[in-house]
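Trainee: The listed protein sequences derive, respectively, from chains H and X. All the letters of the first sequence, read from the start, carry residue numbers 17 to 121 under this note's numbering. All the letters of the second sequence, read from the start, carry residue numbers 39 to 340 under this note's numbering.
Source of the hints: derived by calculation from the structure; they are not laboratory data. Any given hint could turn out to be false.
To be verified - Below, in silico cross-link-like pairs of lysine to aspartate or glutamate (EDC-like), each with a Cα-Cα straight-line distance of 20 Å or less:
#1 K252/X - D107/X
#2 K117/H - D120/X
#3 K219/X - D307/X
#4 K106/H - E48/H
#5 K252/X - D42/H
#6 K116/H - E20/H
#7 K252/X - E52/H
#8 K247/X - E23/H
#9 K247/X - E68/H
#10 K252/X - E277/X
#11 K99/H - E23/H
#12 K106/H - E23/H
#13 K247/X - D268/X
#14 K106/H - E131/X
#15 K252/X - E48/H
#16 K116/H - E131/X
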Amino acid sequence: MSHEVVEQLAGLSSRVDNLVANTTGDACRQLERLQERLEKLTLAAISADLQESQSGYAGALSAITSANETIGEGDAQIQQISKTIALIAKAADAVESLVKKAAAM
Amino acid sequence: MRPAPIDRLRATALLAITFGIAACGAPIPSGRFVAFADATRTIANDSVATYGHVVDLERTYMLYNPNGDKLNEASFAPRILDDSGRPLTFNFEPQLAFRSAALDVLADYADALHAFATKDYQQDLDAATQSLGASVGRLAATAGGASAAQAGGVLATVINGLGRAEIEHLRRSTLRDAMDKAQPGVDTLAGLIAGDNTEIMIAVRTLRKGILRKANSLRPATGITRISFDGAIQGVIVESEDTLTQLDAMNAAVAKIPRAHADIRHSLDDSASTMEQLRALIAEAKRLNKSYQSTVSSDERK
Chain H
17 MSHEVVEQLA GLSSRVDNLV ANTTGDACRQ LERLQERLEK LTLAAISADL QESQSGYAGA
77 LSAITSANET IGEGDAQIQQ ISKTIALIAK AADAVESLVK KAAAM
Chain X
39 MRPAPIDRLR ATALLAITFG IAACGAPIPS GRFVAFADAT RTIANDSVAT YGHVVDLERT
99 YMLYNPNGDK LNEASFAPRI LDDSGRPLTF NFEPQLAFRS AALDVLADYA DALHAFATKD
159 YQQDLDAATQ SLGASVGRLA ATAGGASAAQ AGGVLATVIN GLGRAEIEHL RRSTLRDAMD
219 KAQPGVDTLA GLIAGDNTEI MIAVRTLRKG ILRKANSLRP ATGITRISFD GAIQGVIVES
279 EDTLTQLDAM NAAVAKIPRA HADIRHSLDD SASTMEQLRA LIAEAKRLNK SYQSTVSSDE
339 RK
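Isolated chain X (complex conformation):
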């Protein structure tokens, strides 16, 4: 005998409530937050070495193309003198410091989300919040402009507001709100970092070209001196090529951070989410790290 319609309705409602409770009570998928934090930290850490190579290349360029004929304290300062002798600088360190600080803010923010997503989180969250605050301060002190400082401030405010939430479903809902509020800040910072990558790559090619141009006019005619000289130039070419590869890989990875963030946020509503964007970010971070590790190994062999 078929159950009465009212009984069927009751049974359906009971099933829906049971699933609802199960969804609310399901643990937060903290592994995704770990993976997001790890990938973002890898990008931030590897960027320090890559940006260091750009600064090294700038120094080498100035060694080959010093200012003026006579050596003095300003001979190797990265600058050009205008018609009236006033210097115009092309020191890339401040620009690179901004990018590095912005990546640290994103990595610290990801660490804080990871801490909050796990049980017994309070101590780790406190540490991550302090680290984020310091990175946002460093970002504000760099030449990144108001929009970068503002975006960093948004992330710090969101993390400061996480507070205590002992019950699992309250933590899930707090995470949802936090990530929704943080998404524009994540978008802005990643966009600013990735946006000027083209120009940094042009700078690397221009510096390399300038070194080669001067090297050709200085190249010893024959013998072991020539081989030794060529060896130094070969080192510059190889290293600059590695730097270009790493800048490219870094850009591809940074561009994936906002979508991976949105992906994880979506998974808090839909546990069956495929996490494609997060996987793409992890793949790019691995590619970057592989390129970085191969450069480190090659440096160690020298």
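One chain only, chain H, in its complex shape:
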């Protein structure tokens, strides 16, 4: 079992939640959808009992870390919101793939 992906993912979900409050329009709606997806993926990742040794684990962790670092605390105005959204979506895709692999094992 490993807590790192789960902890980082819960942190990303929380940061995206803050970001939703700081954005408007289409970006805000996209972020809301991503936030709900990240929330459910956090729960799915916990339920899947992910292992560090699992293939794709390091890649997923790196994608989440990268999205977390780009958002920072989420309070400041993000300059390139579309790039940030793409990074968050990439992190969500990586976790989804990891959870699917764990479920198939």
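Starting from the known structure of chain H, fit chain X onto it as the hints suggest.
Mentor: Leaving out everything else, chain X in the frame of chain H:
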């Protein structure tokens, strides 16, 4: 006149033999086994309600965040659909069932030790052995993995091997062997239960956050409807906070079980043992039970 050296040697040897016989013949300190069994059973019993609250919270989360726009049989199933529409589940019930079964195995094992440590034990030991066998079977059927099933099997094997020992010092030596063999199994089960507690706590916080997020978008603007809505959300917050407190207390208590077990085993060799670890386990079990009882009282007041 001082006794001759040979007489002094004889006197010392006689004293040592007398103490040796007294130690061998001393009754098994069964009160320690009672206390260990009671504390372990308290943790196992209270965990059922705490895990039930986690499952309730998961259901509430799905009520606020159902799958899809149109209601159907799968609307409230805890799952997320991937890009191609295939479901990924996040049902925590199997994980929690494993933890509950593992705690029952530890509690049944402690009951069996307690039965064996007391006089006229055979009937109680038979009952405890049957209960342990059933709990180990339940543990093996859960999603806990091979190491949990193996650890449960070790405890069942040890208890099955206790058999009859009418003479006090034979029972003491049988208990020593049994507890030595069981210690790795106790360590493994307690470690597995306590190990994934962090993730269960993250799950509780994530579920609560998801309910609050959706509640904010659904919150009625004004009036009594708003107060009633807020009351329901307040209930979710209070209950989830209680659950987090109980999970924390449960983890602290479970982490103390292996050391308390080792403490009691050590006391079979050294009757002057301070039993600090057993006291620490009892204190944690009391703390957990107090937190659980206060939640029950608050539920009853509603």
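Trainee: If a hint holds in the structure, say so; if it does not, say that too.
Mentor: Verification of the hints:
no., hint, verdict
1, K252/X - D107/X, "holds (14 Å)"
2, K117/H - D120/X, "holds (13 Å)"
3, K219/X - D307/X, "holds (16 Å)"
4, K106/H - E48/H, "holds (16 Å)"
5, K252/X - D42/H, "holds (19 Å)"
6, K116/H - E20/H, "holds (18 Å)"
7, K252/X - E52/H, "holds (10 Å)"
8, K247/X - E23/H, "holds (15 Å)"
9, K247/X - E68/H, "violated (26 Å)"
10, K252/X - E277/X, "holds (18 Å)"
11, K99/H - E23/H, "violated (23 Å)"
12, K106/H - E23/H, "holds (17 Å)"
13, K247/X - D268/X, "holds (15 Å)"
14, K106/H - E131/X, "violated (29 Å)"
15, K252/X - E48/H, "holds (11 Å)"
16, K116/H - E131/X, "holds (19 Å)"
Violation of the numbered hints given earlier is confined to hints 9, 11 and 14; the remaining hints are satisfied by the structure.
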